[in-house]
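Enquirer: Chains as they are written, first to last, in my numbering: chain A, 1103 to 1386; chain B, 12 to 331.
Keep in mind that the hints are not guaranteed to be accurate.
Partial list, computed: chain B residues near chain A (C-beta under 10 angstroms) [said to hold, decoys possible]: (1) W43; (2) A61; (3) R166; (4) Q328.
Footprint (simulated), chain A over chain B, 3 or more residues, beta carbon under 8 angstroms [what the hints assert, rightly or not]: (5) 178 to 187; (6) 267 to 276.
Derived from the structure by calculation, the hints contain no laboratory data. What you are looking at is a predicted structure, and each value in this text was computed from that prediction instead of being measured. The beta carbon of each residue, even a glycine, is placed where N, CA and C say it ideally should be.
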Amino acid sequence: MGQKRSTFLFSALCFGMAFLYIPMLLLIIYSFNYSKIVPVWGGWSLRWYKVLFESEEVWSALTLSLKIAVMNATFATLLGTLAGLALVRFGRFKGRTLFSGMITAPLVMPEVITGLSLLLLFITMAELIGWPGERGITTITIAHITFSMAYVAVIIQSRLAGMAQDLEEAAMDLGSKPIRVLVDITLPLLAPGMVAGWLLAFTLSLDDLVIASFVTGPGANTLPILIYSRIRLGLRPDINALATIIIVVVTIGVIIAGYLMLRQQKQRERDMQMAAQEVVKLDA
Amino acid sequence: MNDNATAAVDRSERSSMRSLTAVLMQRIQSGWKTLVVGIPNVWLLVFFLAPFFIVLKISLAESIIASPPFSPLVEWSEEGALILQVIFDNFIFLWEDDLYFNTYVNSIKIAIISTVLCLIVGYPIAYGIVRSSSTTKNILLLMIILPFWTSFLLRVYAWMGLLADQGTINSFLIWIGLIEKPIRMLYTEFAVYVGIVYSYVPFMILPLYANMEKLDMSLHEAAADLGARPMTTFLTVTLPMTAPGILAGSLLVFIPAAGEFVIPDLLGGGNVLMIGRVLYNEFNSNHDWPVAAAVAIVLLLILVIPMMLYQHIQSKQAES
Chain A
1103 MGQKRSTFLF
1113 SALCFGMAFL
1123 YIPMLLLIIY
1133 SFNYSKIVPV
1143 WGGWSLRWYK
1153 VLFESEEVWS
1163 ALTLSLKIAV
1173 MNATFATLLG
1183 TLAGLALVRF
1193 GRFKGRTLFS
1203 GMITAPLVMP
1213 EVITGLSLLL
1223 LFITMAELIG
1233 WPGERGITTI
1243 TIAHITFSMA
1253 YVAVIIQSRL
1263 AGMAQDLEEA
1273 AMDLGSKPIR
1283 VLVDITLPLL
1293 APGMVAGWLL
1303 AFTLSLDDLV
1313 IASFVTGPGA
1323 NTLPILIYSR
1333 IRLGLRPDIN
1343 ALATIIIVVV
1353 TIGVIIAGYL
1363 MLRQQKQRER
1373 DMQMAAQEVV
1383 KLDA
Chain B
12 MNDNATAAVD
22 RSERSSMRSL
32 TAVLMQRIQS
42 GWKTLVVGIP
52 NVWLLVFFLA
62 PFFIVLKISL
72 AESIIASPPF
82 SPLVEWSEEG
92 ALILQVIFDN
102 FIFLWEDDLY
112 FNTYVNSIKI
122 AIISTVLCLI
132 VGYPIAYGIV
142 RSSSTTKNIL
152 LLMIILPFWT
162 SFLLRVYAWM
172 GLLADQGTIN
182 SFLIWIGLIE
192 KPIRMLYTEF
202 AVYVGIVYSY
212 VPFMILPLYA
222 NMEKLDMSLH
232 EAAADLGARP
242 MTTFLTVTLP
252 MTAPGILAGS
262 LLVFIPAAGE
272 FVIPDLLGGG
282 NVLMIGRVLY
292 NEFNSNHDWP
302 VAAAVAIVLL
312 LILVIPMMLY
322 QHIQSKQAES
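The task is simple: from the sequences and hints, build the whole structure.
Expert: Given below as structure tokens:
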């Protein structure tokens, strides 16, 4: 009986992983296809990588996307950390319900609504105060910060909630000013969460098509906008090559990040054990 | 006496100095607190809340040929009186127009069926991960999260290659001789379901996993020891205990799926009506802003209950 269940679960896992990974594997394999028609095999070749690297359009879209992603991740991490701190450490304050509602709403808001409403805001603002004069990199960055900071705030929130307040309270009792407590104790403890938040905000920005295509202006094509405009009309071998590069880079990044986090966790456990041993020794 | 007086003045000065510092400190402290709450708050008020009122305002306007292409809500009449012009025509139009009505119904139908499919696919996977050894568990979780970090657009594109008439699946089926002519899969509703399940199943698996991990497995053993059959144990013990995870995961799939644009556009083509796509086209191709704004408001009204429900679960989880 138990055997049957574990066989079932094992095959469910295999099926699930195959479902998730086979499409991506095929995408990668076909990027090395010589043929111009994607599904027809014409022998191994790096032809489409050459086409991709020589395309100025792709390079400028990539540069624009990276610029936006870095700006977005930095500001979203700052704002999201402040928001997370406020939600977990300040208890009840005026307007908390609205505030926490506005923090979590972007997480589940359909992208078409966020995109449309931000575009209409930018147009209204341009009319009222003359800013933003032209839509493009700035408006996309602002739009991305608005939804990315919600993700950062959630990460910070869960990290803070899991973190004992003892250290902060001890420092306060010893006479530290609140601002010193924040800089010396809370922020260093939050650093891993902030790094994770930054990376997530960076990825979300690089990945966004819908909101960016609403709030962009003439000539400002991010990488997803460029990819979308090409694949709308069908399969393109150069996009397979681009996809392969993105998948490989992301996979390496995620594996390194996962490894580092695991190592850090083990280190922390070891430190705790050592500390506990010291305490035992002192007691004796 | 003189000495005494000086000392008294000195003392009162010092104490007032001290109280001044205390007040100042308090000010600074509440000042930085205000700043910590204030900065993100102002940002969200301007860039998140205000836009909705603008959308609402425009949805109540009339489409005109001008820049911007809608009539003003508030106008000064020639006599200097303020006129509030509210037009519900756009909403009445959406209600009466079969195309829009059917598109809403179809979007919700597709979102519900996709959510159920995600649950069927995701539940055993989440359960399988929970029952794995701790090293395998970490690797499996990483494998579930990994696609989430790669481009959403490219994952949808991968299915275009699989489902196309000359695509991998059709070529394979013809090659093994199962079919003679390619089956039409791309640009059908079927393709949209595959795309949504593929893209959103991690959102189902992760909350389910988080929920299952906290479960007390001894209850299963107790049920089994008492002679319950596996199916009975599952229905009476496991399923009710994982209900919070099922609800969270379902909302995380249903809400974005109902407003999805990319998947119906790339995999469904023109054959599948979904509201996200209609909204996008209404705005970008037809330039009918008031109708587009009304479409957005109605979509928001449909999704507001699921969204608040999700928020409620989230905040309850944050507290515990």
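Enquirer: Against chain A, is R166 of chain B within 10 angstroms by beta-carbon distance?
Expert: For R166 of chain B, the interface hint holds, since the closest Cβ of chain A sits about 7 angstroms away, which is under 10 angstroms.
Enquirer: For the hint on A61 of chain B, just tell me whether its beta-carbon gets within less than 10 angstroms of chain A.
Expert: holds (6 angstroms)
Enquirer: Please verify the coverage claim for the segment 267 to 276 of chain B: does it have three or more residues whose C-beta sits within 8 angstroms of some C-beta in chain A?
Expert: With 7 residues close enough to chain A, the hint holds.
Enquirer: Can you confirm whether chain A covers the segment 178 to 187 of chain B, using C-beta to C-beta distances below 8 angstroms and requiring at least three such residues?
Expert: Held - the segment 178 to 187 of chain B has 3 residues with a Cβ nearer than 8 angstroms to chain A, which meets the minimum of three.
Enquirer: When the nearest CB of chain A is found for Q328 of chain B, is that gap smaller than 10 angstroms?
Expert: Check passed: Cβ of Q328 of chain B comes within 9 angstroms of chain A, closer than 10 angstroms.
Enquirer: Hint W43 of chain B vs chain A: min CB-CB distance below 10 angstroms?
Expert: W43 of chain B check passes; min Cβ-Cβ to chain A is 6 angstroms, inside 10 angstroms.
In this structure, every one of the numbered hints holds.
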